[in-house]
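Taken in order, these protein sequences are the chains called A and B. In terms of full-length UniProt numbering, the first sequence has 59 at position 59, counting the first letter as 1, and numbering is strictly consecutive. In terms of full-length UniProt numbering, the second sequence has 82 at position 82, counting the first letter as 1, and numbering is strictly consecutive.
Be careful, since some hints might not be right.
Said to hold, decoys possible - Here are the simulated distance ranges between beta carbons: (1) Tyr158(A) to Asn87(B): 16 to 24 Å; (2) Val76(A) to Val50(B): 51 to 59 Å; (3) Glu162(A) to Ala120(B): 27 to 35 Å; (4) Lys153(B) to Glu162(A): 37 to 45 Å; (5) Ile46(A) to Gln158(B): 37 to 45 Å; (6) Val128(B) to Ala165(A): 22 to 30 Å; (7) Ile151(A) to Glu55(B): 51 to 59 Å; (8) Glu73(A) to Glu55(B): 52 to 60 Å; (9) Ser106(B) to Pro167(A): 18 to 26 Å; (10) Ala146(A) to Gln158(B): 21 to 29 Å; (11) Lys44(A) to Lys80(B): 56 to 64 Å; (12) Val128(B) to Glu143(A): 35 to 43 Å; (13) Pro152(B) to Lys114(A): 43 to 51 Å; (14) Glu73(A) to Val128(B): 19 to 27 Å.
By construction, these hints were calculated from the structure, which means they are not laboratory data. Every residue gets a Cβ at the ideal spot worked out from N, C-alpha and C, and that includes glycine.
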Amino acid sequence: MSSFTRSAQQWATFARSWFVIDARMQPPGKIATMCSVRLQGKHKPIYHALSDCGDHVVVINTKHIAFSGNKWEQKVYSSHTGYPGGFKQVTAAQLHQKDPKAIVKLAVYGMLPKNLHRRTMMQRLHIFADDELPEDIRANLTEELAQPRKIPRKLSEYTQEEIDAFPRLWTPYHYTFK
Amino acid sequence: MAARSVLKSVCTSLAGLKLGASGSNVSALQRINVPQLSALTIQSRGIRQVVEKQEGKTTTVEGRSVEVPAGPQPPNPTAKCPIYRWNLQHKYNYTDVLLLSQFIRSDGGMLPRKITGLCAEEHRKIAVCVQMAHRAGLLPDHRPKLPEGHVPKKAKPQLNRVNQAIWLHLLECHHSVHPGSQ
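Chain B with its partners taken away, still in its complex shape (with noise of 0.2 Å):
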């Protein structure tokens, strides 16, 4: 119970966002780079680790600042979408794999765009991006979670699926593209 709250103190510390209090999520942040701060972003503590040590009768939970090197600069760090921000428009298609796995939850869904500060079309295309990718089950480890002890009762046959749709944006050039905006 002290974990738990100690756990949601933490997560309102970290600028007010609306997180899910499932561990995943906490989890899955700990785990971002740190990237240099601009006049624009608001200043914050940085990501934290939380260690529990237990001595006796008394638990220690303590947040631990994360040192984390900050990751390359993206060439267009004024637009608001990440995805305009590395002017990856009309590139990626669902067979992009490391792109997609940044915006999905442990057990598959999408993460919610007022997180990863995605804009609505670009939300929806990766969204049915990851869709494609789970039918050709190519994020194997992204499954939703069974309770425990669960036991299938008959094995589902193991059927291979392929996808032939690319995504149309990407064999049609003429798009208008415009800054991300929200």
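Isolated chain A, as found in the complex (with noise of 0.2 Å):
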């Protein structure tokens, strides 16, 4: 630390940066969690509630979201205009076609502290259906987060060298009579 000019350490310490998302074939919870520790500002040791230490986060490629289980028939989305009779329901998949950025946005409204400090760390949550950012954004990113969950390759994504490096397990022939 001795190598650094006051100004500068203080510059480091104090800025505020911009971290990336991909949400390609991720869960969205957990892209939720990882946005909300840094909205937040937990990820640093400075870290106080009052002292407004969160950072920017972008999310991109929302609509590839992949949810676990059955939760895109079962996932219920519920909210009320406020007039009688007002009550809607909605699923998750039904949600996304309406618009592919709500899951992600309502999860981490969700997670963040319930305080009105919820209100600005949201305009601090930029998020993208697909990989198109507009230039000032994409201007400002600092660093790109690693994605929480490995995606499975496919069949179709390995080369036919490793198609035909991998042995064959059986054959016609291993097959006995009685």
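Both chains come to you apart, so use the hints to assemble them.
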């Protein structure tokens, strides 16, 4: 630390960074926990709830999000319009069709602390359904975060050499008669 | 008609195996390597490829022997189930698509146990792993064939799914290993 000037160290500690997360084939809950940790500033040793030390987080490819189990059909998002008879319930699949950003947005909103800072933290969260970013946001990005889940390889993604290198486990000749 | 009867005779001549008459099974067999024959296996003529030639009014259907070099030998050749032969009992998962794709048909269904030689337990495990792989979208080319001219009415939304369950045997190390027996 002795090689840094005071002003450089001050800037490096208190600057607001911009993180980017790729949500392709990832469970939205895991993406949301990573976002909420960084929006609050809890990944920094200088964290304090009142010191406004949260960073910006950009989530891309949210339309390729992947739920586990049968949550696409079973998870229900409810809301009420305020008018009588206005209780609306939609499944995750229907909500995703209407708005591909909504699932991640609601997940992060539910994971942030329930105080007045939540709205400012949500303003620092930027969600995009595909990987096209506006130029000004792209210029601000500082770090890309690793995806929480390792994506398994499809059979079509293996090269022909890899498929040939894998040994054949059985042939018809191993069948013996009685 | 003549071709189908010749195909049937090729099928029956392959040491009495009861194969389905669908073309996909036979074409899958044609791509399989011929292993080195030991004294225990029954002598057979080898895999042949059916070649059809049309010269004017004569159609010649010929079965040409395919010379395929033998692949690597399994570490445990005396076992009866292919998984036990290669010592992969508790080592595979739904993500090992190269392994699973050897036991499925082109439309995604499992091959019968009598043909692959798997023991009952491993056949069930592989069937479950294949179902998980289909659900995760890891086998995109093994889809059921739709009838020709079939146009889907509404485009189904492409929803990605995640399989969370790892095969339980990978987590438990104390499982008694028994030699595959029929």
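Query raised in the report: If you check each hint against the structure, which ones fail?
Result: none
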